[in-house]
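> Listed below are the residues making up each chain.
2 protein chains.
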Amino acid sequence: MTAAQVRGAVRDGTIAGPTERLAPDHVQANLVVVPSEYADELADLCARNPVPCPLVEQLVPGAFEPRCAPGADLRTDLGRYRVWRNGELVDRPRHVRELWSGDLVAFLIGCSFTFDHALAQAGLPPRHSALGRNVPMYHTRVPLAPAGRLHGTMVVSMRPYRAEEIERVRDVTRPYRIGHGEPVAWGDPLQLGIADVLHPDYGDPPVLGPGDVPVFWGCGVTPQSVIVASALPFAITHEPGHMFVTDLVHADVARRERTRAAAEI
Amino acid sequence: MTAAQVRGAVRDGTIAGPTERLAPDHVQANLVVVPSEYADELADLCARNPVPCPLVEQLVPGAFEPRCAPGADLRTDLGRYRVWRNGELVDRPRHVRELWSGDLVAFLIGCSFTFDHALAQAGLPPRHSALGRNVPMYHTRVPLAPAGRLHGTMVVSMRPYRAEEIERVRDVTRPYRIGHGEPVAWGDPLQLGIADVLHPDYGDPPVLGPGDVPVFWGCGVTPQSVIVASALPFAITHEPGHMFVTDLVHADVARRERTRAAAEI
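If you read the sequences in order, they're chains A and F.
Just so you know, the first sequence maps onto residues 1 to 265 in this note's numbering.
Just so you know, the second sequence maps onto residues 1001 to 1265 in this note's numbering.
Accuracy of the hints is not assured; some may be wrong.
[Said to hold, decoys possible] Label pairs and their calculated CB-CB ranges:
id	chain 1	residue 1	chain 2	residue 2	range
1	A	R141	F	I1166	20 to 26 Å
2	A	P35	F	N1086	49 to 55 Å
3	F	Q1191	A	P233	44 to 50 Å
4	F	G1008	A	R149	53 to 59 Å
[To be verified] Residues of chain A placed beyond 10 Å of chain F at every Cβ, according to the derived structure:
id	residue
5	P24
6	R48
7	G62
8	V83
9	P93
10	L124
11	P146
12	A147
13	R174
14	R177
15	V184
16	G187
17	V197
18	P206
19	P210
20	D247
Note that these hints are calculated values from the structure, not bench results.
Even glycine gets a Cβ: it sits at the ideal position worked out from N, Cα and C.
Given the sequences, and given the hints that come with them, work out the whole structure.
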């Protein structure tokens, strides 16, 4: 299936579950939509915290057709949405057409589904993926660098690996900067303030075997914890796991990253 | 004095102290020099941790004349250097000409001296500055996002302000992304794992009055804590407070930042 076909199947309900493993060569993205008066602050929050919040694209106010997926509609092409008022989750609709307005600014933020495919190809398939489950995600006590009225703590995703696999896992995920890059931590979950890895805050509980080491990556659900901590008057996000599938191909993004890095030097 | 005149006076010893308040319209920078085999990892560390480590310029292997200061020499134009072997500080020379080689890669990283001038102009002069002291800097327990073999915790600088001044202080420093931007935290130092603000790890002890709130910014001394934590075989840095004065003018950098942000969108 092409990315456009996945979006179409999600839009008409043929695909109802998480989007992991769909159009695996394509970049998937977290959605965050805020009133325009918060757009500069959210852009700054992403720039200051690029590991949990790598910016794929910021749209102009009111726009819902991203440049990374011409013909797509951010109001309908995700499987499930979350609607937030004053920092509280108030609804989980199937589309957000009626809620949209010319004052809303949409942000697409990179997702670790982007490297799960690469891990599988390297012979290091993520456990949740092999079991057909959603990746477990956790609140941490790691503070974000605040940006104006926006503040909060990092959310991480977790994949268990054996100790001897971790350096290879780091190497495989490192180049995917737009998908959170290499892990932020591994080993004792308490170093991040996670009390119990068996009870994630989002996604499905992990299945851990003897000798498994939890490995943690920055997670694009982080802005949802910012919405809560900062009590944003209004926001729309995706439901964790139900991502926006872009037309961007990993290989092209990696090339763009290298070009940009060279231009900065 | 122009930036080139400051560099000349530092080189010939006419100026011996910290560089704060010299050529105040110009961007000052932290210096970090590593063996070329660590250059990609340090570039990645900066990209993943842009608040403490905002990259101003990465030079090609062996180069010591940065594009941000034509005619300058990074081996001689800082007031005092630190030489590190296996993660230990082994020397504090006045220049590093004899230590240089074609295998070394120099990084210039933004500095908060860049916004101290703006704070003073806004009627919010930093305390250390008014007292002619060096800014106090502290190790924290906030973990950096690791990059390959490089890992560590954030170092912060501190300026005390009254509670009612903090929002203005945040607004003034926010645009200086290349100089760490707005504060990372304020209030209780323990939230960052700082046990005693009166005993900084670098710089001069602060002078705190009743009603003063400590305000903390990311600090370009952070790579020095990474050199220690990661036990780098060899590195050269500046001595904290003795920065490299670039030819870059704040206003130009702010314009470039805006242009880059627009290009990304």
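> The structure should be examined with respect to each hint, and the outcome stated for every one.
Evaluation of the provided hints:
1. Range check, R141 (chain A) to I1166 (chain F): about 23 Å between beta-carbon atoms, so the 20 to 26 Å window is met.
2. At roughly 52 Å, the beta-carbon separation of P35 (chain A) and N1086 (chain F) lies within the given 49 to 55 Å, and the hint holds.
3. Hint check: Q1191 (chain F) to P233 (chain A), Cβ distance near 26 Å, so the stated range 44 to 50 Å is violated.
4. Taking the beta carbon of each, G1008 (chain F) and R149 (chain A) are about 45 Å apart, not inside 53 to 59 Å as hinted.
5. Remark: the non-interface label on P24 (chain A) is consistent with the geometry, its nearest Cβ contact in chain F lying 25 Å away (cut-off 10 Å).
6. Listed as a non-interface residue, R48 (chain A) fails to keep its Cβ farther than 10 Å from every Cβ of chain F; the least gap is roughly 5 Å.
7. For G62 (chain A), the requirement that its beta carbon stay farther than 10 Å from each beta carbon of chain F is met, with the minimum near 15 Å.
8. Listed as outside the interface, V83 (chain A) is consistent with that label: its C-beta sits roughly 25 Å from the nearest C-beta of chain F, beyond the 10 Å cut-off.
9. Its beta-carbon lying about 27 Å from the closest one in chain F, P93 (chain A) satisfies the requirement of being farther than 10 Å from that chain.
10. Residue placement check: L124 (chain A) keeps its beta carbon more than 10 Å from all beta carbons of chain F (closest about 18 Å).
11. Non-interface call for P146 (chain A) relative to chain F: violated, since the shortest CB-CB distance, roughly 7 Å, does not exceed 10 Å.
12. Non-interface call for A147 (chain A) relative to chain F: violated, since the shortest CB-CB distance, roughly 7 Å, does not exceed 10 Å.
13. A cut-off of 10 Å between C-beta atoms contradicts the statement that R174 (chain A) is not in contact with chain F; the least separation is 7 Å.
14. Interface exclusion of R177 (chain A) from chain F breaks down, the closest Cβ pair being 7 Å apart, not more than 10 Å.
15. Look at V184 (chain A): its CB is around 5 Å from the nearest CB on chain F, not clear of 10 Å, so calling it non-interface is violated.
16. Its beta-carbon lying about 12 Å from the closest one in chain F, G187 (chain A) satisfies the requirement of being farther than 10 Å from that chain.
17. Non-interface status of V197 (chain A) relative to chain F is upheld: no Cβ of that chain comes within 10 Å, the nearest being about 18 Å off.
18. Here P206 (chain A) stays apart from chain F, with its beta-carbon at least about 22 Å from theirs, past the 10 Å limit.
19. Every CB of chain F is more than 10 Å from the CB of P210 (chain A) (nearest about 26 Å), matching its label as outside the interface.
20. Distance check on D247 (chain A): its Cβ is at least 17 Å (rounded) from any Cβ of chain F, clearing the 10 Å threshold; non-interface status holds.
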